[in-house]
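Student: Okay, here's what each chain looks like letter by letter:
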Amino acid sequence: MDIFGIPIQALMGQLLIGLINGSFYAILSLGLAIIFGLLNIINFAHGALYMMGAFFAWIGLAWLGINYWVALIAVPAVVGALGMLIERTMLKHLYKLDHLYGLLLTFGLALIIEGLFRYRFGISGESYPVPELLSGGFNLGFMFLPKYRAWVVAVSLVVCFGSWFIIERTKLGSYLRAGTENPQLLQAFGINVPLMITLTYGFGVALAALAGVLAAPVFQVNPVMGSNLIIVVFAVVVIGGMGSIMGAIVTGLGLGLIEGLTRVFYPEASAVVIFVIMGIVLLLRPAGLFGRER
Amino acid sequence: MKRKILGSAIAAAVAMAPALSPAATTVSDGIVKLGVLTDMSGTYSDLSGPGALEAAKMAVEDFVAKEKPDFKIEVVSADHQNKADISANKAREWFDTQKVDVIVDLVTTSTALAVMKVANEKNRISLISGAASTPITNEQCNDTTVHWTYDTYSLPVGTAKAVVNQGGKNWYFITADYAFGHSLEKNTADVVTKSGGKVLGSVRHPFPGSDFSSFLLSAQASGAQVIGLANAGNDTINSIKQAKEFGITPKQSLAGLLMFISDVHSLGLEATAGMYLTTGFYWDYNDETRAWSKRFFERMKRMPTMVQAGDYSATYHYLKAIKAAGSDEAKAVMAKMRDTPVNDFFAKNGKVRIDGRMVHDMYLAQVKKPSESKYPWDYYHIRQVIPGDEAYIPLSESKCPLVKK
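Protein chains in written order, with the working numbering: chain C, 1 to 294; chain B, 1001 to 1405.
The hints are simulated quantities; they were obtained by calculation from the structure and are not laboratory data.
Predicted, not measured: the structure shown is a model, and the values here were computed from it.
Any given hint might turn out to be false.
[Stated by the list, open to error] In the DSSO-like style, the derived pairs of lysine-lysine whose C-alpha atoms are separated by at most 30 Å in a straight line are:
| id | chain 1 | residue 1 | chain 2 | residue 2 |
| --- | --- | --- | --- | --- |
| 1 | B | Lys-1251 | C | Lys-147 |
| 2 | C | Lys-147 | B | Lys-1369 |
| 3 | B | Lys-1083 | B | Lys-1099 |
| 4 | C | Lys-147 | B | Lys-1099 |
| 5 | B | Lys-1368 | C | Lys-147 |
| 6 | B | Lys-1244 | B | Lys-1369 |
Between the sequences and the hints, there should be enough to build the whole structure, so can you do that?
Tutor: Structure follows, in structure tokens:
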């Protein structure tokens, strides 16, 4: 059976791959959305921190013998802590200023981090092996699905919807959302808002690092892996609506699928399709698909 | 008084000089200045970049030590960021204000074409090692450019022929969607069909890419025995890595059409074992290549790629030509470079043709299995030496206007 001249089996395969890529978009854009929502910072260092996550996983394995499973927890914790340090020492001075200052600072940070890794590791990067337990794959009939990719989708869905649940459905989440609306009032209720902001930034950064660890066995671990991805992820956040949690998750997965379809029908356009959609969304709904007009 | 003595001393020296060395070199501005213009920090910085600069410096040091020239030599460098406009501007600045005489390396086709044009206008020489496309010595050739190490014609001659002869008849291409990828795909497809193989199709991916699984899936669905990777650098690395993940290899085999030893090094032998590739240089080929490469390793902590070895060879040959010509005027130096065969660790009886192509032997290599690799960087079996005359476009098929037919 064919759809527009493409065998349905091939189409299923491509959609599944789109979903896998969408999982990475979703985790990364979720982190960005959380940070933007509470801190009003457009975190351009997100890609560099994602790259750092992948590199720390590789360094852990190659130099210290730390395996994948430990890295999956330890690396986000370490990079998250580093994020909190950045927030405490640099970002906190910028909250009263325009968005642009935060963007410039984090952009500069991204360049510095990337430059350091490029200096130390070179551009071709390093190879991270797929963990033993997840090597091999399933034969789905229409395609061969590597176990590791299935794992990535599963982790991503759990993490994304877990985060959504915490933010939208728990008491802690309600503080966060209140902080987004009116930090002064929240402070007056006795909540330590600066601490909450620091922890939130740390959490967003940890998500980026987690995506990095997840990506390490799939992509070559190299210093520019983040900057290749970050622009797409920003487009995802804009389409979903800046600061919207559900928007980030759903658009991340959805755009992964659309990109996958483009690769079937017109592969040359697969790098721009997301930006075309971004343009259209901005024209028709400037606040994004899930954003609220302010 | 002092000045007078000094003056007469110089006069005496000048008078004596012709007697001592009959061809004292007249060098413009009293100095030969080499500009290494390359990708210092981007995608191609491992295969050329700082290593290319180091190789050029080594060539200068060796030349000074061995040939004791009567002129001064200086090396400068800059990052061309793989952008044609940046590289053309830098070249112009170097020629106009820095008195640079020659530009070395140039690692993407677009930058090479832009710079060689500017250099030709200003009557300066370009020694291209990193860039790959054939128009450099074909449609867009000029009389002050030498293309040293390899091109997209020479790469498939080894790899594609060998793979077809081994039974890999049906091909599918994954191609980087820009000039270089298209050129490499076309040249390879020609060799495949000529050798009795068949091309089933191709897919073009945006450059640079990171996820190649959809393209690999299309390649898998095509049922081709061989998937030709008409891309380079990190794109090739990620394609190979993901092909393994999706169980495409070893059922279908991959042919990396442009692979450098730096790519194999970063992927590891586990992922690359058994792959064929064509290269202009391998460090572990003979005693001469080993000796030079070990010196390079001392400085860079990496073995040289063919591009870097080519930069050394080209620079040395250029300096020798200045000495022989007794001048650094571009046309005179080019004439000497064409007249003198290239004989060093890089090339044996290499010849710079009228179209600017340096014709030398290429090597068909196969990547070793992890168990066969005995020491660091022990990566290739050299399976075949491809004579220069087979490896490059014959002059009879050339579209270069400098070639008289």
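Student: Would you list, in rising numerical order, the hints stated earlier that this structure does not obey?
Tutor: Of the numbered hints given earlier, the structure breaks just one, which is hint 4.
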